[in-house]
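Here is what each chain is made of, one letter per residue.
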Amino acid sequence: MDETANVTTLPTTPAVRDIAALGRPKSTAARRFREQMIVGTLAIAATFSILVTTTIVIVLARETWGFFHFPDVSVGEFFGGLEWNPLLGSEKHFGIWPLVSGTLLVTVIAASFALPIGLVTSVYLSEYASPRVRATLKPTLEILAGIPTVVYGFFALTLITPLLQKISPAFGSYNAMSAGLATGIMILPIVCSLSEDALRAVPRSLRDGALALGGTKFDVSVKVVVPAALSGIVAAFLLAISRAIGETMIVALAAGGIAQITANPTAEVQTMTAYMVQIFLGDAPATGVEYKSSYAVAAMLFVMTFVLTMVGQYILRRFREEYE
Amino acid sequence: MATPRSTATRLLTNRAFLAVCLLATNVAVVVLAVLLISILWQGLGSLNWNFLTHAASRKPAEAGILAPLWGSVWVCTICGLVALPLGIGTAIYLEEFARKGRFTRIVQTNIMNLAGVPSIVYGILGLTAFARMFGAFGASAEDGGFAIGNEESLFYFKLPFGSSVLAGGLTLMLVILPIVIIATQEALRSVPKSLRSGALALGATPWQTVWGITLPAAIPGIMTGAILAMSRAIGESAPLLVVGAVLFVLNAPENLMSDFAVLPLQIFNWAGRPQDEFHAIAASAIIVQLVALLAFNGIAVFIRQKLQKPLQ
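Taken in sequence, the protein lines are chains A and B.
Counting from 1, position 85 in the first sequence corresponds to residue 104 in this note's numbering; the numbering is continuous, with no gaps.
Counting from 1, position 216 in the second sequence corresponds to residue 237 in this note's numbering; the numbering is continuous, with no gaps.
Among the hints, a few may not be true.
[To be verified] Chain B residues, not near chain A, derived (Cβ > 12 Å throughout):
(1) LEU44
(2) LEU65
(3) TRP70
(4) HIS75
(5) LYS80
(6) VAL94
(7) LEU107
(8) ALA112
(9) LEU195
(10) ALA222
(11) ILE234
(12) ASN276
[What the hints assert, rightly or not] Interface residues of chain A toward chain B, partial, derived using beta-carbon atoms under 10 Å:
(13) LEU123
(14) VAL139
(15) ALA148
(16) ILE204
(17) PHE338
Simulated from the structure, these hints should not be mistaken for laboratory data.
Since the structure is predicted, the reported quantities are computational estimates derived from the model, not experimental observations.
Each residue gets a CB set at the ideal place from its N, CA and C atoms; glycine is no exception.
Let's have the full structure, built from the sequences with the hints guiding it.
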């Protein structure tokens, strides 16, 4: 009797019993319930990101709506007006174009600095560089990517602007060129690393094929690999541009505070983000029209970057060249 | 098609392009070098122990960064404590559990969009949702809201949060959340499918597979992403400026509801003044900031190289 009991009651040795205690078999129902609880919690976490977007849209829409109901403000002037002077002067004007033009001027300068240099650097990194060169270049770019934007602002103010003033006395102590160049330095690592990812995703067989046909390294890189990775490169460009548009601290420090429509890089301009900094730093009363105008500007900014991101995503999906 | 050209011309183009490449690549290196040298040049002179341990002052010679330094530590700790679990949880759900359907696609697109939202817009969201709580509790804790404890107590808590450390930390959390999610997703994706199949074949439940197999394999990637996200958080200033971080504060935060300053905003404040003395101490503060940043990046590189074992 005892012997049979020994056979059927497992486990016998202490070690085996411990292991058994750890993984004590639960009923399937209990296990399934536990699983569902965990997955449910994770799903709630995932929904949070949707909640964030919805709240941003609602907050911006509501406050912008409120802004348009002030007596000094009209929707027509906001989208069509060429004057923005909410703080100075007896008559307030809320036409968004001076701020948009300031933002675009800084962005164009930044993009014309960073996009070509970034693209060529990424071609070099992916097609030419030896592993040793990569091992030093990649960390350099990573450090550049990690530097806080306020540091770039300081750099623009204390080094780039004085240098520009040495080149031409036309540059004021605040100017679009200095802020644009600093913003360009800021987005350079983004362009490099994203374009390089796109270039490296192009399969080796394409390169081998082009080389076998007698192409030089230049032919292979520029005429085969870059076109093959074009969708990824364009998406990288758009992302970098949208970062430049939303950049705040550099322009707040180096671009100045005069909202004006100009294409002159030596001039002082105010961007949308710099205006928001001015309002939130100042003592404008939280119910005043100036204060509320910053929400309308924020809404405009949100829409611009949102459209750029969506277009980038669309290009990535629609024009991706699938190999293999 | 293209007109045939002589081999000599083509080789020349080839050579010229390589030169252009080298030139462009060096721009990044030169810029970084110039930036670091100019900041060290301006800031090393006024960097000393007193600078780290003194409170703010109207006189540049006596000013220190004690309060903003601790403000940064508080804000980033709160930010990390909320953003990392939330972000990693979201990524696990999207990669390991969610059915690939319409909902998942919307969430995914939404996260990509959130990553592109300018940080100052998050500041506005933080101001409305955390600092003011949509006005649901009145204009402030004194005016219609409610509070537990007083400003000196360790567990002081009030609604709405006002321009407090907690509101600042949660706002930064919004900024880095998409970064954490995307980095974690990439880390999870790089775990070979065979590992999961093996665990499932042995009878593990989906969650046991994730907890026991997939997550441990993805940890180096997740930690690298988390550290890089945190290094973004310590450098971020625009959203905190909107939420209402103070530019001149004497004391380090004492509880979750304290007013706070952060290092990047202190730099912004000093850099924006016309006097050279303030530029010098701004540069000193930047050196402190960059040292912290390099330490973060160093840890990330270390983890990447030491812990990452090839799984295939």
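Hint by hint, here is what the structure shows:
Residue-level check failed: LEU44 (chain B) sits 8 Å from the nearest beta carbon of chain A, not beyond 12 Å. No beta-carbon of chain A is positioned within 12 Å of the beta-carbon of LEU65 (chain B); the least distance is around 15 Å. Distance to chain A confirms TRP70 (chain B) as a non-interface residue, since its nearest Cβ pair spans about 23 Å, more than 12 Å. At roughly 21 Å from the closest C-beta of chain A, the C-beta of HIS75 (chain B) stays outside 12 Å, upholding its exclusion from the interface.
Residue placement check: LYS80 (chain B) keeps its beta carbon more than 12 Å from all beta carbons of chain A (closest about 20 Å). For VAL94 (chain B), the requirement that its beta carbon stay farther than 12 Å from each beta carbon of chain A is met, with the minimum near 16 Å. Consistency note on LEU107 (chain B): stated as away from chain A, yet its beta-carbon is not over 12 Å from all of that chain's, at 5 Å minimum. In this structure ALA112 (chain B) is not separated from chain A by more than 12 Å, as the shortest Cβ-Cβ distance comes to only about 9 Å.
Some Cβ of chain A comes within 12 Å of the Cβ of LEU195 (chain B); the nearest lies about 6 Å off, and the non-interface call is violated. With a least beta-carbon separation of about 17 Å from chain A, ALA222 (chain B) lies farther than 12 Å from that chain, consistent with its non-interface assignment. For ILE234 (chain B), the shortest C-beta to C-beta distance to chain A comes to about 15 Å, beyond the 12 Å cut-off, and the non-interface label holds. Consistency note on ASN276 (chain B): stated as away from chain A, and its beta-carbon is indeed over 12 Å from all of that chain's, at 24 Å minimum.
Look at LEU123 (chain A): its Cβ only gets to about 15 Å from chain B, farther than 10 Å, so that hint breaks. Hint status for VAL139 (chain A): holds, given a least beta-carbon distance of 4 Å to chain B, under 10 Å. Because the closest C-beta pair between ALA148 (chain A) and chain B is about 8 Å apart, less than 10 Å, the hint holds. With a least beta-carbon distance of about 5 Å to chain B, the hint placing ILE204 (chain A) at the interface is held under the 10 Å criterion.
For PHE338 (chain A), the interface hint is violated, since its Cβ never comes within 10 Å of a Cβ in chain B; the closest pair sits about 17 Å apart.
Against the hints set out earlier in the document, violations occur for numbers 1, 7, 8, 9, 13 and 17.
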